[in-house]
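Enquirer: Chain by chain, the residues:
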Amino acid sequence: SAVISQKPSRDICQRGTSLTIQCQVDSQVTMMFWYRQQPGQSLTLIATANQGSEATYESGFVIDKFPISRPNLTFSTLTVSNMSPEDSSIYLCSVERTAMNTEAFFGQGTRLTVV
Amino acid sequence: DAKTTQPPSMDCAEGRAANLPCNHSTISGNEYVYWYRQIHSQGPQYIIHGLKNNETNEMASLIITEDRKSSTLILPHATLRDTAVYYCIVAGNNRKLIWGLGTSLAVNP
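Line by line, the protein sequences give chains A and B. Going by this note's numbering, the first sequence opens with residue 244, and the numbers climb by one from there. Going by this note's numbering, the second sequence opens with residue 913, and the numbers climb by one from there.
No lab work stands behind these hints: they were computed from the structure. Quick caveat, the model's predicted, so the values are computed rather than measured. Warning: the hint list may mix true and false statements.
To be verified - A few chain A residues facing chain B, derived, Cβ under 8 Å: (1) P282; (2) S285; (3) L286; (4) L288; (5) G295; (6) E297; (7) Y300; (8) L335; (9) F348; (10) Q351; (11) G352.
Said to hold, decoys possible - Okay, derived cross-link-like pairs now, BS3-like style, lysine-lysine, Cα gap no bigger than 27 Å in a straight line: (12) K981/B <-> K1008/B; (13) K915/B <-> K981/B; (14) K250/A <-> K981/B; (15) K308/A <-> K1008/B; (16) K1008/B <-> K915/B.
Said to hold, decoys possible - With the C-beta cut set under 10 Å, the calculated list includes, among others, these residues of chain A facing chain B: (17) T287; (18) E301; (19) G303; (20) E346; (21) R354; (22) T356.
Idealized CB from N, CA, C, for every residue including glycine.
Given these sequences and hints, build the entire structure.
Expert: Here it is as structure tokens:
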């Protein structure tokens, strides 16, 4: 298994500001993913972050709004930029050891409230 | 869109088996069936996955029909701590997990 630490666990932010969420894994992993889970909804993939290359964003998500860093095989950050109340969600970091049929492991999430 | 169909909610008595169904009639030959659960205010937790054979681990059993168009996750002796949203996902190699709304399982004392 993989142990994932996400920080902060929760935050309340003013609209127009930005928040950077950190994801630290206890072992090297190939693929890291960032998800959003809006209240009462399921998980939506924001982007895939691979070390050494730019993140790949899903439809509806752009780098200017959700810039991602992946400086090494154990760490990634997601920034939620220029926040509005619609960005209030739980943001989840996920990892997989390889691309081949392995289970995904998740952090506990960051509960973001924008006021 | 999610490629699976699950009932929105189910109830189960504590100590009894919980059988959670999932329909995936459009599953491709190289796609696996994955089950995850999400306990309130936590990140999702992997339970089990399979291709075509039935699988069992310390958490649950996965029964996949011969035509692979549906599956059932079995929690053999449900406890109150098994109360969660259970997600059935089909995905192939190098795949993205596409999450539906899952089944909200309530285990009752």
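Enquirer: Run every hint past the structure and note whether it holds.
Expert: Hints, verified against the model:
no. : hint               : verdict
1   : P282               : 12 Å, violated
2   : S285               : 4 Å, holds
3   : L286               : 4 Å, holds
4   : L288               : 6 Å, holds
5   : G295               : 17 Å, violated
6   : E297               : 17 Å, violated
7   : Y300               : 12 Å, violated
8   : L335               : 5 Å, holds
9   : F348               : 7 Å, holds
10  : Q351               : 5 Å, holds
11  : G352               : 5 Å, holds
12  : K981/B <-> K1008/B : 20 Å, holds
13  : K915/B <-> K981/B  : 11 Å, holds
14  : K250/A <-> K981/B  : 40 Å, violated
15  : K308/A <-> K1008/B : 21 Å, holds
16  : K1008/B <-> K915/B : 12 Å, holds
17  : T287               : 7 Å, holds
18  : E301               : 8 Å, holds
19  : G303               : 14 Å, violated
20  : E346               : 4 Å, holds
21  : R354               : 8 Å, holds
22  : T356               : 14 Å, violated
The structure fails to meet hints 1, 5, 6, 7, 14, 19, 22 from the earlier list, while all remaining hints are met.
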